[in-house]
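Q: Residues per chain are reported as follows:
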Amino acid sequence: MKAKVSNRQLGETRLGWMLSAPAVIILLAVTGYPILQAVYFSFFNYRMTDPDNRFVNWGQNYIVILTDPLWWQTVGVTLLLTVVTVAVELVLGFALALVMLNALRAVRPWVRTAILIPYGIITVVAAFSWKYAFDLGTGFVGTWLAMPEFDWFGDFWSSFLVICAAEIWKTTPFISLLLLSGLAQIPGDMLEAATVDGATWWQRMAKVIIPNMKAAIMVAVLFRTLDAFRVFDSVFVMTAGAQSTATVSFLTYNQSISQLQLGMGSALSVLLFLSVALICFIFIRIFKVDLAQARGE
Amino acid sequence: MRHTARRNRLRRGGLVGLAVLGLVAATGCAADISTPTLTWYINPDNGGQATIAEECTAEADGAYRISTSLLPNDAPSQREQLIRRLASRDSSIDIMSLDPVYVAEMANADYLTPVPEEYIDEFTDGVIPSSVESSTRQDELVATPFWANTQLLWYRKSVAEAAGLDMSQPVTWDDIIDAAAAQDKRVGVHGIRAESLTVWVNAMIESAGGSIVENPDADGAAEVELGIDSEAGRRAAEIIEKIAATGVGGPQLSNLDENAAMLEFQSDSGGFMVNWPFIYPATKAAVEDGSLEQAVFDDIGWTLYPRVDEDEEARPPLGGINLGVGAFSDHPDLAYRAVECIRTPERQSAYFLTDGNAPSNLAAFDDPAVQEAFPAAEVIAESLAASAARPLTPYYNEVTGGIQKSWHAPGSVDPESTPARSQAFILEVLKGERLL
Amino acid sequence: MSRKHTAWWIVISLVVAVYALFPVLWIVSLSLKSPGDVANKRFWPTAIDWSNYELIFTGSAQDLFLPALVNSVGICLIATVIAVVLATLTAYAVARLDFPGKRLILTMALAVSIFPVISLVTPLFRIWSTIGLYDTWVGLIIPYLSLTLPISIWTLSAFFRQIPWELEQAAQVDGATSFQAFRKIIVPLAAPGVFTTAIIAFFIAWNDFVYGISLTSTSAARPVPAALSFFTGASQFEEPAGAISAAAIVVTVPVIIIVLLFQRQIVSGLTSGAVKG
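Protein sequence lines, in the order shown, are assigned to chains A, B and C.
According to the numbering used here, numbering within the first sequence proceeds without interruption in unit steps and concludes at 297.
According to the numbering used here, numbering within the second sequence proceeds without interruption in unit steps and concludes at 733.
According to the numbering used here, numbering within the third sequence proceeds without interruption in unit steps and concludes at 1010.
Worth flagging that the hints you see were computed from the coordinates, not collected in a lab.
A hint or two may mislead.
Said to hold, decoys possible - Straight-line distance between alpha carbons at most 30 Å, and here's what the computed DSS-like set of lysine-lysine pairs gives:
1) K728/B / K702/B
2) K288/A / K835/C
3) K454/B / K774/C
To be verified - Simulated restraints, written as ranges between beta carbons of each label pair:
4) P987/C / W157/A: 34 to 40 Å
5) K774/C / T543/B: 21 to 27 Å
6) W898/C / M190/A: 29 to 35 Å
7) Q795/C / D514/B: 42 to 48 Å
8) E675/B / R775/C: 37 to 43 Å
By construction, the Cβ of each residue, glycine as well, lies at the ideal position given by its N, Cα and C atoms.
So here's chain A without its partners, still in its complex pose (with noise of 0.2 Å):
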């Protein structure tokens, strides 16, 4: 610690601050104010269209949520998708990233070109492709497996097996991006030494690049988790959560803005609040994800 603060040390503090403040103050409002509210609201008894019967009810609502077996289910739905997604992504992505990093000169940019358009394809508009591609009213997926008969959207591991692809298809070029980047941090002169040393493809991706590359991939995992546990859009568009197939955050909407039971809403807001704040703290602690490294330091 010095002693006394340099006045240089002051005004660069002062610009530092006052440069960030805008932003600040902008992230500070749009989020912690709001979850304050939904905090505070989340101890009533609330319903938007009765607010004579708006009263304080303490715990009450959570207690419901929390022996609700619903509750558990669409919790269990959804650690299931983020689960499978997650790691189907992975696999995939890293493929991709091997074809981006090692495609001829000729076709690379074509082919980074093709991954990113999934990745800026508005999420709904992906919803709806692969729904009607599989729906038995539009869809030519049926005609083309020769089950015209089968209704993908009829029960819960069908509907869930597409909720998934449409994910993964659209979320897979993200992951690719940053394992991408962390192939690149690779040295070349390891790998080389490697393969002089005369190890086969497999040995060298399980010994040099896969033990190099756990930090991107631990932090690409992370944000992938962290995105795939708050999907929303997909089943929104897809099942409407029919089928069982609602996920946290489609409970949350439907109890909040569609029930306007702002009291049990705002509860469920919390919790999907401290379930993505507690597998965020699950990857830093127990995983030890370097978030420095993500921060760019």
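Place chains B and C on chain A using the hints.
A: Okay, now just chains B and C, sitting in the frame of chain A:
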């Protein structure tokens, strides 16, 4: 400025002012700012409501202008949009096209300006009783019946004939299921987890002499009494179970909505279907653009909704739109004058002709043009007269959400357990003890 | 390079292209089907038909679609500009200055970016209806900033760290004023990063759905993704797949053009912001 002078005089002198305003309009200043603009939130249609808005603006002769604002396609989203605005006490909501099922909720939250005394007789005389009932909350007329919808039983003449069914006589669900099953045809119903499922379940429970909600006028959510766990509820569940078990519901049963049911009905496996009257114009259009054969169109017949029990008259579903006037409107009086203009029987029959939405006023069916354009008009009128509204409770949203959750998928419905489970679940939701 | 090797790469690239473009192609195909053809259950239309595009641009759906398109473009552009300007200031401070709290700022940006949007939407809706921001452009721009600011701050901080700031001093030593030095040396160096950040921020705002459906109720502010669910078929009960697809294509075209033109910048922006310094 001459205009300003006119405007000032206007504010002072009531009737004279209106006459002057007419002059202003005539001289091409219809958009004069002293003409209040009424916003009418409309559900999507073929443009008929926008046309009516223009006509009534012209007819008002400067007293008001009506501009329309479009709501989403499905009724639950329409409710969401309107209630969110009303909850923030939005004064821009003057007139609303409301699905009848949400009238009670809005009235209970004091979001509607009740119909003024002087209009009550005019708005209810000769109007389908269930439509009036669905505009009423605790004996007060809180909305105005505009157009009414109902479902008919559509059938393929060839299939009915082969089964030996006399379609000029009332038929039961059992009749049509057996007839379809024997010929490997379908019975089109609405098994999707959406409002249409509640429409179907409600119609069957009502037809069996029961009601989903026993005390629609109840004030608190905890006071609501349900009649799902009853003989009528079990009869409804039996029919759903039979449709699923015999396979006449088709492979898509749990996702079958109005449109999907129509496509199945038009295909080779089509046998019977309950559905709204849009089937007629939609099928006609499909024939015209060449995607459907004329023979299919000629094979289609229609009659009253199927009965649950042979000797009890069916209570077909009621749909349609009632007009509500927002409680926070700056011009409720003008809004009711506009409603008076919108809902005339003549406009209702014109709207039927352009948009295919049936009038709530029985007199509007007498229009010869209607009879000609809609061969089904007579049956529609008869069906409307017998129709039953869905529960008129302020907690309809919970009730329908609970029905959709507990009666879906149709394949899992069991007459022994579904009605009881459904009733217990909805009661818990109403008490705030369960999530939906 | 062996011929076999080249052939393999062509096959792989084709597989990747099919993977990436197939769902887009399907929506294009669906948008070109006539209403009677939509349910043909085949991939391609029987005959190419433009009626869905006519419907949304000149037909009965234009009142729904055109205002939504204007809203989407306007709101997303404004949100992008504000986010990039504010993020540039913050990132400059973070990258160039040493002050207590700068780690806090970066951590906060990270925390905000993982915030579940659904958790914010209920309280925001309530606040907006109280203060009159509900169903306005501003009412969407502000929450869009919570989506676009964090990633903009990171990406720009990463870019700015790579800028050789010594050049600025060198130029000043050579007699340039500090403004000249900034304009001539720093702006050209920083511009690509700012531009890339703007593209990414725009994509994120363009993709929003939850705020769009929850915080709007009329064509005054409703963006295209929210408007998609408002389309209706020939009657209330008929499937509007064709019109939805046509509208979807219209909002997808700009994305594809941006990707085609700037794929290199987008890749560098996404990777530098999130992982490496």
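Q: Next step is simple, just say for each hint if it's right about the structure.
A: These are the hints, each one checked on the structure:
no.	hint	in the structure
1	K728/B / K702/B	17 Å, holds
2	K288/A / K835/C	22 Å, holds
3	K454/B / K774/C	27 Å, holds
4	P987/C / W157/A: 34 to 40 Å	37 Å, holds
5	K774/C / T543/B: 21 to 27 Å	25 Å, holds
6	W898/C / M190/A: 29 to 35 Å	32 Å, holds
7	Q795/C / D514/B: 42 to 48 Å	44 Å, holds
8	E675/B / R775/C: 37 to 43 Å	40 Å, holds
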